[in-house]
Each structure stands twice: as structure tokens, then as C-alpha cells.
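Just remember that our numbering sits 128 ahead of the position in the sequence shown, which is counted from 1.
None of these hints come from the bench; they were simulated from the model. Fair warning: this is a prediction, and the values are worked out from it, not measured in the lab. Heads up, the beta-carbon is just placed ideally off N, CA and C, and yes, glycines get one too. No false leads were slipped in.
Label-pair distances were calculated between CB atoms; the ranges are: (1) ARG533 / ARG559: 19 to 29 Å; (2) ASN493 / HIS962: 28 to 38 Å; (3) PRO714 / ARG1020: 39 to 49 Å; (4) TYR195 / HIS962: 48 to 58 Å; (5) VAL791 / ARG1020: 35 to 45 Å; (6) ASP757 / HIS962: 55 to 65 Å; (7) GLU316 / ILE130: 25 to 35 Å; (8) GLY841 / ASP960: 40 to 50 Å; (9) ASN493 / ARG1020: 32 to 42 Å; (10) ARG622 / ASP960: 21 to 31 Å; (11) LEU475 / ALA623: 48 to 58 Å.
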Amino acid sequence: MIPLSYAQQRLWFLAQLEGPSATYNIPLALRLTGTLDTEALTLALGDVIARHESLRTVYPERDGTPYQEIREAGDVRIDLPVRTATEETLAEVLAAESAHVFDLAVDLPVEARLIRLAQEAGGEAGRGDALDERVPPVDAVAVADAEADEHVLLVVMHHIASDGWSVAPLLRDLAHAYRARAAGRAPEQDPLEIQYADYTLWQHELLGEADAEDSVMARQIAYWRERLAGLPAEATLPADRPRPAVASYRGDTRTLHCPPATHAALLDLARGSGATLFMAAQAALATVLSASGAGTDVPVGSPVAGRTDEALDDLVGFFVNTLVLRTDVSGDPTFRELLERVRATDLAAWAHQDLPFDRLVEALNPERTGDRHPLFQVMLTLVQAGAAASGTSSAGADFPGLRTRAEYSPTSTAKFDLTVGFDEHLTEDGRPGGLDITAEYATDLYDPETVEALLARLGRLLAEAVAHPDTPLSGLDLLDAAERTLLLDTWTGRATPVPEASLAALFAEQAVRTPDAVALTQAGRSYTYAEVDALTNRFAHRLGALGVGPETVVAVLMERSVDLVLSLLAITKAGGVYAPLNAVDPASRLSLILADTAAPVLLVDPALADHEILTEATGVRIVLVDGLDRDAELAAHPETAPEVATHPDQWLYVMFTSGSTGVPKGVAVTHRNVAELALDHRWTRPAHGRVLFHSPHTFDATTYELWAPLLTGGTVAVAPPGVLDTAALASVLAAESITGLWLTVGLFRLVAEEDPGAFAGLGEVWTGGDVVPPEAVRRVMDACPHLAVVNGYGPTETTTFATSHPVRRPFDYDGALPIGRPLDNTRLYVLDDHLGLVAPGVPGELYIAGAGLARGYLGRPAQTAERFVADPYGSVAGSRMYRTGDLVRWSREGEIEYLGRADQQVKLRGFRIEPGEIESALVAH
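Kindly produce the complete structure, drawing on both the sequences and the hints.
Below is the structure:
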């Protein structure tokens, strides 16, 4: 038995694994203009198949092992069915015919069709029907040819028997045979020196065994094992949707034309570096993939002819091998420096090109899945002008009486995530005529707009690189003007004026507007705005007498209650800063917070009067808060507001978060920050007319729960102290007629599972702080048709919320919910490692500027400077932005999609992330 070549073995294995498909078809379409002798063409095709054994070889198996079975030339008959099409339907017919499925065990690996082009639409031909005619008698053919002199010959070969470099010898031999047959004789040619089966046996002998120490295969395996050590499992254009479990190989194409001037400059740049046009194309593609989110270690696949002996040049067969070319884009090199890196990499790779790709995969043994190609996911090809290495080249095809031209024949398949092909053109006088850059992409993963945007970036990169080859890559602008406008203008938060006043003043104004409206309620006891205003004014005077003034920190160790709300408002009116303490935290943590804040006053309610921190809080005045509305001492203070000058940019509260270090650090938030959040247009009534205060006051969700209703005339309904289970939550929602609610994702998920109807009376529920499970949202929305569900996102450093996404109906999300658009007066930037804007759809780190940006970390200037950095895109001098550490991207609709933690280098598969990675990252954050 004649074994399969190594390349054939891989294709045969894939055919067994994936089943029959057209994925590995090679279509060759040749337009023939003039008087065509159809009978001569049919006979010529038979002559070519007789000449090349590879085209009359089938691949049966014996005991599970495939082998080459070469059919005798006399036993093979080729037919040339005729199809009819118009210019309008030609592409559709070519695509349909190119999708022929071969049974490798029994079918010859070649099929041919002749497509006759009708002169005008109308009748059967005008409909473009695929008429399965057998070749008619010669006289009938003459009549047909007299009516139409445009034909397209489509030859479809399976890759197991051919490759791109086989097109040239096939066309040469077909043209030679056609000339002879048209003259009424058999073609005369010298027999081929060798056949594909000879090459197969020679290849096995040349490479030797992998376990033979001195064999070619062993030496090249050692090279590639070292060269590809640490190769990323996936480095590709980030996908628009999750990968399917098994790739379908459905594909489409998009093409960009690179103008002659850029083509010429690119050639000059490559030659000046001792490189080739292919190397320049590789450097450009790697740069754009890296800038599009593929990382800085970018492997691409590249075909090499594999015809290492001149005797192979005249053969049709599968000789091509695939190399993995690894490009290091790290360190922000110039394009010229990157080109030099690529040159060194490629020369070494080409010196080790004999190892078949399937043996490389076997030796390296990467993780194998059905959803992506191993070792690389992006293929790069180059067809140089005048070369006959293309599947669409017609070089050397001299058919008497006919003009020939290659015709594009789409296959609607994609073997890889992305195949980027550079097709070089020359003018008649040999000068650069431009490049056609075609991207074949997997439609499982990408939308056409994504690939078009990639090609546009590639075109801009080429123009920038040849104009500025010694500029670092980060300095090359890949955005067009429209994208820059979207990112810096269109997709910013709505500009909304916010009063230049402290929260105390804003609340006082609200109390004047709605003195009799209910501001605060708990367990059936309600307080009007006038009552709350008077009580908190009195308590503010008392705090002032204790030394609380502008930016004096008051620590608060209290359970959730009306007294807690009144205390926080009173601290605000006194000009102080409240620092919430969590009673369940270790005393050591609470001591650190008291030390950091240097709080001279600590408010405590009776339920926590024996807390151990009270014995350790030396130098702190402890004030017991027990029923402020019936406190006789408090009644002695005036009801009017204290005369305290409080600037909007003074601190309002310090909220402590451990972050990633485990050491508490206080986020200092200002009056202006909270006013901008509370007066955002999203907190409309009646949806947020009655808001439930149920979050721990050490959690910044309370900023919304308290201040959004209190500054807009709404009601804060105080939940009972302690942690609410789903039953208790449902009870209080109904009892207090709650309309607006914030829930952590964990509690939202529990309610969705146990009692989704509990939300029925609400107008709007917000959730976030973790990945929001789409199935939980769907369950809630099904149970509550009139409820609005909003995914909210925001670090503590940006005052609770920075973005929001109202979940749309019908619920048709593919993957995770977006975190949405910026809140009022908020700007979002998605930036690369050099603080450059990245294009829509490209992953980058999220930076937040504008409203809500805290002053920084209390007593930690170094950490503040690290996370709160200068805003290079702000219109106001000295403006800052907060570095979130979150990996995100803009959708085409102008919404932010959360992808993971940038500083933990969460690796994406398409844009699917393991939930545990996100949950742990967000909890830490």
C-alpha cells in the first residue's frame, strides 16, 4: 500500500473527524471569452487527469489506515456538465458548484463544470437556473457557441490532491491538451519525471522517524519546540460572539484595496531592511491584530510551497506545508524595528520548513478543541504579481481562440478564524499597481462590519507605517475621524447642569419645595421632609458643638435604621465627612480605619454599645444615638441649619474598600460627586419615587438608596436591620410599596430563582457588581412584564455607578449583558497600554472621567496618583480619569461590554469568559 503524505494524513483525519464537507475544496474558475470547443475542452480535462496521478487517486482505508489507490488512466472518464447563468447570478452559481462534497474513499478528487453565460436576462437562462445538462452532440454545441462566447470553466479539487501552487502546472497542461484536441489530435508531452506517490515515499524516507536522534524530523521538532514554547493558546481578532463548541467552517470574505503609492513605499521599506513584501505584510498584520486585542505575542500561520526539488514544480498535488510564524510586538517598537524582528523569525522558520504541520501539532500536543485551530487562528498569504501560486492565477494558460481571465469563486467556507491574503498587482511597465487585501472570516465568530473595520485599520496602518517607519507603533494612528468622534463626543454621557451647592443646601431646598412629602419611613413610622430637616439641623448643631466642622471625619458604627439615615444627613449639614464602619469586620480592620481617618467622633447605636472596638478607640468621642426624634437633649438645639460654609468639592464620605491588597483604603467622595449621581436623569419618578435602603451602609450602593430619593423629593424606606433573605425582601417590598431597588447579583439571582414575582410592584430594579446571569434576568422579566431591569456598573472610586444598561425587550442577548452607556456628565475611555484610544470592538482597559470621580484615597497619595491619572482627552486643564483595571470594549451600538480584569490578564476565548474568573475579580475590586 502507498501511504498518504503527512499533509494528506491530516486532511484525511479531519475528513473522518468532521464528516463530509466542502471546507477543503479548492475552486478554480477561468473565464473563457471567444469561440469555445466544448468537446476539445472535455477531452483535455481527461488528458490532464490521465497525466497527473494525484487527480485520479482515491483514499480508502484498510484496518483503519488510509492509503493511496491510483486509478488507471483508461478507467477514468471525466464529464463536463453545463450550467447556465447570467453575470448577475454567476457568483451564486459558482458558490453553489464549489460546495461539491467529495467522498475521498471512492470519488476522484476533482470535478469540473462549464458555466455558459447568457447574453441577456430572460427565459430559462435569465433565471440563472443550474441546468444539469450533459454535454450535447457536437453540432448542438456549435449552435450554442454561436449564440454565446462567454463561458466560465470551474474546476473543483479537494485539497488532499492539490494546492495553490498546483494551479500553474494544471493550467499549463490543460491549455496544451486543449490546443491539441482542438486541432483534432492527442497531446504530446514528455512524461512527468515523478508522480505524487513517488514524492510521498521520498518524504517519509527523508524525514525519518521522530524518535531517531539524528533524523531531520527530530532536529526540526527540537527547533520548533523551543521556538514555540509558551505560545498563547489563542491569539486572534476578538470575536463578536462566543465560539460554538465545534466550528462550522462557514465563512465569507471582504476586500480592501491598498493604493499603488503605498504598495511602492512598502516595497522600498522592506527592501531597505533586507526584508520581503511578505515580511512587511506579516509585520503589518501582527501590528493590527495586536492593536485589535490579540495581545503582543501574535502567531500566524503561513503556507510554504513545499516543492523543494525542481522535479516537483510540474506536478499537481498537495505539497504545501504550514509554518507558525510568531511575531513579538511587545515593547512598542517602531515599524522598521518590528520588520527586522519578523525578518529574523521568518528566515529561521523557512530553514526548518520540512516538518509537516500535523507532526508539529502531534509533537507540541497543544490543547485540542473543536472550536479553534491549534497553534494559530489567523492565516497569512501573499500572491506576488506574476507568480503562479494562486488558486485564481491563469498564468501560462494559452487557449487558442480564447481570452482567459481568472474569475473569483467564493466557497463560503473559512478554515481559520481569519485568513488575510495580500494579492500584489503590477502595472504594464512593471511598477507597483497596488495590493488587494482579502479577509476570509468565520461567520460563526465575526460580523462583516468587524472584518471591514479590521481591514480599514490595516489600510491605515500601512499608510502610517510607510510614512513614519521610525515612529513607535503606539504613535501610529489607526482610528479614522468618524471613530474618533464617536469615542470622544457621541458616546459620552448626557451633559446635565448640576447646582453649585453642597448636599446640605440641596436637601434644604428640596425640603422647602416638598415640606409635607414623606422623606423617610420604617415599619409604619413616616417622617416628612420638614421633620427630617428640623431633626437633622438640631443634630448637626450638636455635632458642631463636639468639634465637627468642614471635612471632620465622623465614624459611624450603627445598624440600619432611621437614626442612621438622620445621622448621616446631620454629619453632612455640619460640614463633616461620614466614615461607615461595618460591625462584623474584625476589630483590627476597624482600628485601621479609625487611625486612617483620625475621626474625633464615633456614632454608635445601642445595639452595638458593647462592640470591642469601643474599648480600643482611644482619643475618640463616642456618641450614643438612640431615638433622635425623642431625644430631649437634641430638642434644645435650634431647628435652623448651622451656618457652615461647605464647598461642593469637599469630602462627603470616606468609604473603605480593601481592593486587591486586603488592606483597607478609604475612597474620598465629594458633595459634587454625589449630587451628580443623585440628580442623574435616570432616577425618574415614579420608578424611583420610593427606594428601599437595605444595603450595608459600608457599601456604596447606599449612595443611590439615600441621596437619589432625598434630593429629588422621593421617599427612603428603611429595611429592617440585618441581612434580608428572599422572603423578608419580598415582604418589605410589598409592605413599603417600593418602586426603585438596587440588588447585588447574588440576591437578584436568588429572588429570580425562588420568587421572581416579588418584583411585580416595582418600576425599576438595578443589579450589578458582578456578572449578571442572563437567565435570571429573563426569568424576572417573564414574571414581571412591566418591570424595567437595569445592569449597573461602577467602582467605588466613581461614586456607585458610571454606566447603565436597561435590558431590552424582547430578551435576545447573545452572551453577557453589556454594562451600557455612561451616566450624565460621565466620559468613558477604552485605552491601550499607552493610553491610546482603541477602536470600537477592540478590547482595552476602561478609564472613567467626569462626574463621580472621587478625590482619591484618604492619606494615600501614591496610590491615588497611580489610579487617578491625567486625562489626555479632557477639555478642561488638569482633569483626571480613573483607571478601573477592567477589560472592556465598545460595541457598535455605543455600549460598553465587560470582558474581565485587565490587570489579571483574563484570556478570552472569543469573548466567552469563565464565570469564576469574573466573579473573583469583581469581588476583589
